[in-house]
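Chains as they are written, first to last, in the working numbering: chain B, 249 to 554; chain P, 249 to 554.
Do not rely on the hints blindly, as some may be mistaken.
Any copy, or any two copies together, can satisfy a pair, since identical chains are not distinguished.
[To be verified] Calculated lysine-lysine pairs in the DSS-like style (CA-CA distance at most 30 Å, straight line):
| no. | residue 1 | residue 2 |
| --- | --- | --- |
| 1 | K426 | K362 |
| 2 | K362 | K467 |
| 3 | K529 | K362 |
| 4 | K362 | K499 |
| 5 | K426 | K529 |
| 6 | K263 | K426 |
| 7 | K362 | K263 |
| 8 | K505 | K362 |
| 9 | K505 | K263 |
Since the hints were made in silico from the structure, they are not lab data.
2 protein chains.
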Amino acid sequence: MTQDPQTPSSAFDLKRYVETRRALVDDALERLLPPDTAPPPSLHRAMRYSVRAGGKRLRPILVIAGAEAVGGAAEQVMETACAMEMIHTYSLIHDDLPAMDNDDYRRGMLTNHKVFGEAIAILAGDALLTLAFKLIALNGARTGDPSLLSTLVTEVADAAGTDGMVGGQVVDIESEGKTVSAETLDYIHMHKTAALIRASLCAGALIAGGTSSELGAMKRCGEALGLAFQIVDDILDVEGSTEELGKTAGKDAQQQKATYPAYHGLEASRARARVLIDEAKIALAPLGERATPIRALADFIFERRS
Amino acid sequence: MTQDPQTPSSAFDLKRYVETRRALVDDALERLLPPDTAPPPSLHRAMRYSVRAGGKRLRPILVIAGAEAVGGAAEQVMETACAMEMIHTYSLIHDDLPAMDNDDYRRGMLTNHKVFGEAIAILAGDALLTLAFKLIALNGARTGDPSLLSTLVTEVADAAGTDGMVGGQVVDIESEGKTVSAETLDYIHMHKTAALIRASLCAGALIAGGTSSELGAMKRCGEALGLAFQIVDDILDVEGSTEELGKTAGKDAQQQKATYPAYHGLEASRARARVLIDEAKIALAPLGERATPIRALADFIFERRS
């Protein structure tokens, strides 16, 4: 398998890696979002507000890291990287609405509907989702392969729609205040969060021409990584402070959400996340040194404090 | 230009044409929507509820008619036809929400959020939009032409997003209770309604291999048809009864919406719609007899009572 003599993982500078990729993503987002001045400006301001409020840019960085892990480069996948961030952002805007989680703050800033009103917030989410698919199609078309393009759109749509994020969100809402099984809890986390994280890694690898065994590795890695991410999120909601998180801490317990710590306890949750991170790294073995950034991102996902 | 000796327009049986195409669309929608039994059932029931409540199936029938007008057939464009109906349905579900138009009835039935609650209604709309893009990608990929597929997705995304339907809806909401210019009124109607109707005709013709002059004809026809459709809608809201319309009549005036009759008066609005229908038909001239169904649909759009 691929064993390019690149920087060994031990010396890998994740901070620098994330900073450079993040800057590329932020520039591309500014370029690809409709200008504030074009009609209707209120809609475009609302779209930009929530995208700019963005946190870690984890999903677009995973798209790029997925491409690099199979020998591709960031420029090849930039529209898709931005599209995944737009899909993530649309889901946060809709989740924060009064009819859903009713959140006033997100990443330390007022939520979209608190600034622009509910109607514009709903429509800004709709517009971001729509723009995301346009960008993915434009990006995928550059490969010149219609079946790759169709696989790409299908993979993202499945991860974002009723078989993925939206499906998970529905079960999450319907589980509030109820005692759910361990299976339902895993269903929520796998669909609500892990699906889009998995699709981000896979989309990057797919566009960059990954082989089917490389894509299989990405899928296994992405799934484990995505589930670990959500478990750590659940843990941080218990342990973190509102200041650190930039959103109301303790909100899960207050809303009687189905979470890992509530079901399995904090210690078992942490242990499960650690196992998943290890599984994610094992899945990357065939990719060799090219997957170093993904390994470092996996450790970051476990160790992060917000 | 194409002058196939098909049924002459005078003898064309629109009722039969619409019934057969509508039956094909309804069957395909049943097949393409996620099953009620698959998790999460509440989401799938909500998606099916509003799609099944569907009225005229105008947009999918225009996709089919667009394909046929360039020598294609319904089977070639069925996923895209269904996708356009899903996009239309998602927009109605979101438009009806309390934060938007706050409608309790649509097509004589309770609106989605009145039956399933606001959270599920928002998510059912999101899921329909997501599924629509997956279906369009699958359909477009069968043409084997990545640039056609990318044009197709781009055209639909532009018609549905901030440069189209969502943009129009934003300006519509922001214009409530205000005196708007004739230009703003046209902006709202062209974006909120005409864009998706134009894209339906064009998408069908594009997948079925229409030439660039045929696609140009479809674009001009669809734009005129779409604007006429919305003007007639405005007129029906003034003249129709709630029973005939299946939704609350007089709602536009009550909500102080920007409408053609409110701005130009009923008679001038009717005259403008007539001129647009004629323009739509003139645009179809190069397509000959194959465009007979679109011509008949144009007359129907003008003459309809609901």
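Right, here's what the structure says about each hint:
| no. | hint | verdict |
| --- | --- | --- |
| 1 | K426 - K362 | both (29 Å within a copy, 23 Å between copies) |
| 2 | K362 - K467 | neither (37 Å within a copy, 39 Å between copies) |
| 3 | K529 - K362 | neither (40 Å within a copy, 47 Å between copies) |
| 4 | K362 - K499 | both (18 Å within a copy, 27 Å between copies) |
| 5 | K426 - K529 | neither (34 Å within a copy, 59 Å between copies) |
| 6 | K263 - K426 | neither (40 Å within a copy, 51 Å between copies) |
| 7 | K362 - K263 | neither (33 Å within a copy, 49 Å between copies) |
| 8 | K505 - K362 | both (23 Å within a copy, 24 Å between copies) |
| 9 | K505 - K263 | neither (33 Å within a copy, 52 Å between copies) |
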